[in-house]
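Chemist: Below are the chains, spelled out letter by letter.
2 protein chains.
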Amino acid sequence: MMNTLKAKLFKNGISKLWDFMRTHDSVSILIFNISRQCFVVVKQFRPAVYMCEMEEQCPQYFENKTEESWCPLSDFLPASKGITYELCAGIVDQPELSLEEIACKEVLEECGYKVPVTSLKRITSYRSGVGVTGSKQTLFYAQVTDDMKSSEGGGQLEEGELIEVVEIPLQDSMKFAYDETFPKTMGVIFSFMWFQSNIAPKLQEK
Amino acid sequence: MMNTLKAKLFKNGISKLWDFMRTHDSVSILIFNISRQCFVVVKQFRPAVYMCEMEEQCPQYFENKTEESWCPLSDFLPASKGITYELCAGIVDQPELSLEEIACKEVLEECGYKVPVTSLKRITSYRSGVGVTGSKQTLFYAQVTDDMKSSEGGGQLEEGELIEVVEIPLQDSMKFAYDETFPKTMGVIFSFMWFQSNIAPKLQEK
Numbered sequence: 001m002m003n004t005l006k007a008k009l010f011k012n013g014i015s016k017l018w019d020f021m022r023t024h025d026s027v028s029i030l031i032f033n034i035s036r037q038c039f040v041v042v043k044q045f046r047p048a049v050y051m052c053e054m055e056e057q058c059p060q061y062f063e064n065k066t067e068e069s070w071c072p073l074s075d076f077l078p079a080s081k082g083i084t085y086e087l088c089a090g091i092v093d094q095p096e097l098s099l100e101e102i103a104c105k106e107v108l109e110e111c112g113y114k115v116p117v118t119s120l121k122r123i124t125s126y127r128s129g130v131g132v133t134g135s136k137q138t139l140f141y142a143q144v145t146d147d148m149k150s151s152e153g154g155g156q157l158e159e160g161e162l163i164e165v166v167e168i169p170l171q172d173s174m175k176f177a178y179d180e181t182f183p184k185t186m187g188v189i190f191s192f193m194w195f196q197s198n199i200a201p202k203l204q205e206k
Numbered sequence: 001m002m003n004t005l006k007a008k009l010f011k012n013g014i015s016k017l018w019d020f021m022r023t024h025d026s027v028s029i030l031i032f033n034i035s036r037q038c039f040v041v042v043k044q045f046r047p048a049v050y051m052c053e054m055e056e057q058c059p060q061y062f063e064n065k066t067e068e069s070w071c072p073l074s075d076f077l078p079a080s081k082g083i084t085y086e087l088c089a090g091i092v093d094q095p096e097l098s099l100e101e102i103a104c105k106e107v108l109e110e111c112g113y114k115v116p117v118t119s120l121k122r123i124t125s126y127r128s129g130v131g132v133t134g135s136k137q138t139l140f141y142a143q144v145t146d147d148m149k150s151s152e153g154g155g156q157l158e159e160g161e162l163i164e165v166v167e168i169p170l171q172d173s174m175k176f177a178y179d180e181t182f183p184k185t186m187g188v189i190f191s192f193m194w195f196q197s198n199i200a201p202k203l204q205e206k
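Note that the protein sequences, when read in sequence, are chains A and B. Under full-length UniProt numbering, the first residue of the first sequence carries the number 1, and numbering increases by one thereafter. Under full-length UniProt numbering, the first residue of the second sequence carries the number 1, and numbering increases by one thereafter.
Note that these hints are calculated values from the structure, not bench results. One should not assume that every hint holds.
Copies of the same chain look alike in the list, so a pair counts if it works inside one copy or between any two.
[As the list claims (entries may be wrong)] Okay, derived cross-link-like pairs now, DSSO-like style, lysine-lysine, Cα gap no bigger than 30 Å in a straight line: (1) 81 / 202; (2) 121 / 81; (3) 121 / 43; (4) 105 / 149; (5) 202 / 175; (6) 175 / 149; (7) 175 / 121; (8) 43 / 175; (9) 175 / 81.
So that you can see chain A by itself, here it is in the shape it has in the complex (with noise of 0.2 Å):
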């Protein structure tokens, strides 16, 4: 799924390398829980936030690595220093399905709800991690109801995903997004704002 390469770029009769990785277009997926009046979120361990920490907090592991050598880790930090709170977002893998039928896929697998596909809105796109990968995020919004929940979710065990579904109130949503001491993406604090200016005012309408 993911590997290094090396790019050769000319521009302005310089040539330059660049090193990027190669990894596959995403989709995520803001989940707005009506019945309960609540976001869902994922909650994951990512090892390269982990390791993010490790360097800051004890760089003398990481002299004299080189890219052949493991990393075995150990009980330097707590696990919990690796923890991020995402959005419900898998990669774009399988070329015969929509972007739309992935997404479904995901809601389900990873936080158990049936969405119709019909149903998704799509937000917007935008490119990651321009610096290393540049892939493009979809964004989506599903509205779901406790009637849709089929399954528990927490992702593909096979697969080695290990992910915690976490429900944030509404009413909390915002402090939440704006709360440095819970580390998230900002898929999660853009979404969470964008439903506050264009899904919000419409439900107190109801």
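Please build the complex by placing chain B on the supplied structure of chain A, with the hints as guidance.
Modeler: Just chain B, lined up with the frame of chain A:
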């Protein structure tokens, strides 16, 4: 600056391997020019974005490419396919400087405005590229005037930066943010929206 490592982590008794890329933390800055009522962003050619587009549109090009082989890019796709709109930003690689000092340096180098460190407003921080780099990004807001403009900006040529400074009029900004024909980062979309909620109302009061 950037290299790849493998991490071995133990979780629930299972050992797993991940690739990840070591990168620096970074700062990004939403710049609003109050004299001209416009946002100041940067437009940059991003090799990683270009390669993503290549992979989508010319997948045959990547067949049999390994980590060691170069990809000499040529005229398959116009360079414009690799251009993204981004916030002024920079990596945190000088331990003797505060995040705010680095942010001010980047605003000057890339966009040509001299901003006092104390006038920066911290918006929030978040994790980017959680699957690959997991680095921490801190987002600031800087309000500038025409009087603060001291150079053309454009980045450091000797470091291979080729940056075009672009002004987005406030009145067009939300349309721009959601127009997917302008490839951009989530930082741009989020911060324009943040401005609408947090700064625009105060401007109108004045």
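Chemist: At most 30 Å between C-alpha atoms: does residue 121 with residue 43 qualify within a copy, between copies, both, or neither?
Modeler: both (23 Å within a copy, 29 Å between copies)
Chemist: With identical chains treated as interchangeable, where does the CA-CA distance between residue 175 and residue 149 reach 30 Å or less: within a copy, between copies, both, or neither?
Modeler: So residue 175 and residue 149 pass the 30 Å test inside one copy only (27 Å; across, 36 Å).
Chemist: Go through the copies and call it for residue 43 and residue 175: within, between, both or neither, with a Cα cutoff of 30 Å.
Modeler: within (17 Å within a copy, 32 Å between copies)
Chemist: Within a copy, between copies, both or neither: which one fits residue 81 and residue 202 at a CA-CA cutoff of 30 Å?
Modeler: For residue 81 and residue 202, neither the intra-copy (38 Å) nor the inter-copy (37 Å) Cα distance is at most 30 Å.
Chemist: Within, between, both or neither: how does the pair residue 175, residue 121 come out at a Cα-Cα threshold of 30 Å?
Modeler: both (25 Å within a copy, 18 Å between copies)
Chemist: Measure nothing new, just compare the shortest in-copy and cross-copy C-alpha distances for residue 202 and residue 175 to 30 Å and report within, between, both or neither.
Modeler: both (21 Å within a copy, 21 Å between copies)
Chemist: Go through the copies and call it for residue 121 and residue 81: within, between, both or neither, with a Cα cutoff of 30 Å.
Modeler: between (33 Å within a copy, 26 Å between copies)
Chemist: Should residue 105 paired with residue 149 be assigned to within, between, both, or neither, using CA atoms and 30 Å as the limit?
Modeler: Result: close within a single copy only, 13 Å intra versus 50 Å inter.
Chemist: Could you figure out if residue 175 and residue 81 sit no more than 30 Å apart (CA to CA) within one copy, between two copies, both or neither?
Modeler: within (21 Å within a copy, 38 Å between copies)
The structure fails hint 1 only (numbered hints given earlier).
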